[in-house]
Amino acid sequence: DAKTTQPPSMDCAEGRAANLPCNHSTISGNEYVYWYRQIHSQGPQYIIHGLKNNETNEMASLIITEDRKSSTLILPHATLRDTAVYYCIVRAYGQNFVFGPGTRLSVLP
Amino acid sequence: DTEVTQTPKHLVMGMTNKKSLKCEQHMGHRAMYWYKQKAKKPPELMFVYSYEKLSINESVPSRFSPECPNSSLLNLHLHALQPEDSALYLCASSQADRENYGYTFGSGTRLTVV
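From first to last, the protein sequence lines are chains V and W. Numbering of the first sequence is given in this note's numbering, commencing with residue 1 and proceeding in unit increments. Numbering of the second sequence is given in this note's numbering, commencing with residue 1 and proceeding in unit increments.
One or more hints might be untrue.
Stated by the list, open to error - Taking lysine-lysine pairs in the DSSO-like style, the calculated list, with each CA pair at most 30 Å apart, reads:
#1 V:Lys-69 - W:Lys-41
#2 W:Lys-22 - W:Lys-9
#3 W:Lys-53 - W:Lys-22
#4 V:Lys-3 - W:Lys-53
#5 V:Lys-3 - W:Lys-40
#6 W:Lys-41 - V:Lys-3
#7 V:Lys-3 - W:Lys-38
#8 W:Lys-9 - W:Lys-19
Just so you know, these hints were derived from the structure itself, not from any lab.
Isolated chain V (complex conformation) (with noise of 0.2 Å):
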């Protein structure tokens, strides 16, 4: 079973920033925190991932809370290609990615 909660759906204004949370109350301390976006019909892309410290990258920012029960994803001018089920998987070493429903993220014009 996913070990995340997220929103079923949200959306953003074009330009805007995209904030998206996660919850992973149960997290334990060698589980990364990933998100992966799927735009319709293709494959998952990879878009951060981190441990304990905030990461950014050219995608996006990961900003996950200090006792780590929660993160969030943030995409700071958000486009209308953004649109897509964006997931959020906590996994450790050597575990397997296992998906929940993810959040619906529509960015309208």
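Once you have looked at the hints, place chain W on chain V.
For chain W alone, coordinates are given in the frame of chain V:
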């Protein structure tokens, strides 16, 4: 090359047909995966290969038969499928010996069983 290539992109097959899905990667990844995704549902893990050996079979019916001929290639042989097996079949690969590795997914094969 940083891609996972899946062929064909679309496949329509009858319930008595035998067909195969192919997945290829040239990133030196030694772990490869098959996932099945029904419409509006998340991907579900089917099989895991590690160093060309089957390490996980998630109770998948025998009408699905995976094969890993070498470290770059993963096949999924299909036989006597049912209409409910219609789905997007995703292949992924990863490095098998790094603690925080992610998976690289292909674009999938959309299978329709008629």
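Problem - Hints violated by the structure (listed by number, smallest first) - result: none
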